[in-house]
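Let's have the full structure, built from the sequences with the hints guiding it.
Per UniProt numbering, residue 1 is the first one in the sequence shown, and the count goes up by one each step.
No lab work stands behind these hints, which were simulated from the structure alone. Take these hints with a grain of salt, some might be off.
Claimed, not checked - Computed list of lysine-lysine pairs in DSSO-like fashion (alpha-carbon distance at most 30 Å, straight line):
#, residue 1, residue 2
1, K243, K32
2, K32, K222
3, K222, K142
4, K142, K235
5, K48, K110
6, K32, K142
7, K243, K222
8, K235, K222
9, K32, K235
10, K235, K48
11, K243, K142
12, K32, K48
13, K243, K48
Stated by the list, open to error - With beta-carbon atoms standing in for the labels, derived distance ranges:
#, residue 1, residue 2, range
14, S138, R179, 22 to 32 Å
15, P19, M146, 45 to 55 Å
16, L234, G20, 33 to 43 Å
17, P19, H223, 35 to 45 Å
18, L234, L88, 38 to 48 Å
19, M1, K32, 17 to 27 Å
20, K142, P19, 20 to 30 Å
21, P185, M146, 19 to 29 Å
22, R111, L208, 14 to 24 Å
23, T201, S155, 33 to 43 Å
24, I216, G91, 20 to 30 Å
Here a beta-carbon is modelled for each residue, glycine too, at the ideal position from N, C-alpha and C.
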Amino acid sequence: MPQFLETPSGRRIAYHQTPGIGPGIVFLGGLKSDMTGTKAVHLEAWAKAHGRAFLRFDYSGHGESSGAFDEGCIGDWAQDAADVLDALTEGPQVLIGSSMGGWVSLLLSKRRAERICGLVTIAAAPDFTEDGFWAGFSDAQKSELMAQGRVEIPSEYEDSPYVITRRLIEDGRDQLVLRDPLPLPFPVRMLQGTDDASVETAVALRLLDHAQGDDIRLTLVKHANHSFSDPDCLKLIETAALKVLARAEV
1 MPQFLETPSG RRIAYHQTPG IGPGIVFLGG LKSDMTGTKA VHLEAWAKAH
51 GRAFLRFDYS GHGESSGAFD EGCIGDWAQD AADVLDALTE GPQVLIGSSM
101 GGWVSLLLSK RRAERICGLV TIAAAPDFTE DGFWAGFSDA QKSELMAQGR
151 VEIPSEYEDS PYVITRRLIE DGRDQLVLRD PLPLPFPVRM LQGTDDASVE
201 TAVALRLLDH AQGDDIRLTL VKHANHSFSD PDCLKLIETA ALKVLARAEV
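Here is the structure:
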């Protein structure tokens, strides 16, 4: 059973926390995913085996946390992550961010810079509300979104469509990280599959080029998809985390 954190924002965030040595690891999941996903659960077991502190949680409107998904936005979910980091962890932390969680991890790296000592991203999707959703909408979809406050788009992961709200798009513009300087003054390992149908390789290359830091590396994995959850990919995440931890602890 999960535990729950009541945040200053009035949201009830579900989480699982494993005690252990630091730096701890905080896993940040993707859009409409939850903390029971393959990567989150696998990494928790891996952290336990290494005696490493680990935390996984559900953003508001996701999984077992309070709220409705359709009412949320990037700013809300980044605040959830900041509240979890502030209330439940101590000392330096390594963030592992998957898809949208990659974007959230970059926001935390700017807003809680003193708490972050390393970063692993998996198919990171920074600025996707603007560069993915909005840029890909037809004129008719944009008009519908602005007039009705929402538009539906097909989901490749669920039978029901995604509901994209005007609030999600407009708030996303306040959270963009690829338009302004992005200092990452700690070890960063980025992982990206070449067969990712949700996040193109060009996004990973753009992030690599844009981020500022002396220890940033990108690994492209031929034929890996967006889930990045097969045994080989999970092993690559473990390896990236170990390398970041080793450098962060020097």
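Status of each hint after checking the structure:
Distance check on the hinted pair: K243 and K32 sit about 29 Å apart at the alpha-carbon level, within 30 Å; holds. For a cut-off of 30 Å, the pair hint linking K32 to K222 stands: about 26 Å separates their Cα positions. The suggested pairing of K222 with K142 is violated, with an alpha-carbon distance near 34 Å, which exceeds 30 Å. Between K142 and K235 the alpha-carbon distance is near 41 Å, which puts this suggested pair outside the 30 Å criterion.
This hinted pair checks out: K48 and K110 have alpha carbons roughly 28 Å apart, not beyond 30 Å. Annotation: proposed proximity of K32 to K142 holds, straight-line Cα distance about 22 Å (limit 30 Å). Restraint check for K243 and K222: satisfied, since their Cα atoms lie roughly 21 Å apart, inside the 30 Å limit. The straight-line distance between the Cα atoms of K235 and K222 is roughly 15 Å, inside the 30 Å bound, and the hint therefore holds.
Taking the CA atoms of K32 and K235, the gap is about 24 Å. The hint holds against a cut of 30 Å. Using a Cα cut-off of 30 Å, the hinted pair K235 and K48 holds, with the two alpha carbons roughly 15 Å apart. Proximity of K243 to K142 is assessed by CA-CA distance (about 43 Å); at most 30 Å being required, the pair is judged violated. Of the pairs offered as hints, the one joining K32 and K48 holds, with about 26 Å between alpha carbons and a cut-off of 30 Å not exceeded.
With a C-alpha separation of about 17 Å, the suggested pairing of K243 with K48 holds against the 30 Å cut-off. Distance hint check for S138 and R179: the Cβ-Cβ separation is about 24 Å, which falls inside the suggested range of 22 to 32 Å. Judged by the Cβ atoms, the range 45 to 55 Å given for P19 and M146 holds: they are separated by roughly 48 Å. Separation of L234 from G20 is about 19 Å and departs from the stated range, judged on CB atoms against 33 to 43 Å.
The given range of 35 to 45 Å is respected by P19 and H223, whose C-beta atoms sit roughly 37 Å from each other. The beta-carbon spacing between L234 and L88, approximately 24 Å, falls outside the hinted interval of 38 to 48 Å. A hinted range of 17 to 27 Å for the beta carbons of M1 and K32 is consistent with their spacing of about 22 Å. A beta carbon spacing of about 48 Å between K142 and P19 contradicts the range 20 to 30 Å that was offered as a hint.
A hinted range of 19 to 29 Å is violated for the C-beta pair P185 and M146, which are about 39 Å apart. Remark: the range hint 14 to 24 Å for R111 to L208 is upheld by a beta-carbon distance near 22 Å. Hint check: T201 to S155, Cβ distance near 22 Å, so the stated range 33 to 43 Å is violated. For the pair I216 and G91, the supplied restraint of 20 to 30 Å holds, since their beta-carbon distance comes to about 23 Å.
Of the hints listed earlier, those the structure fails to meet are numbers 3, 4, 11, 16, 18, 20, 21, 23, in rising order.
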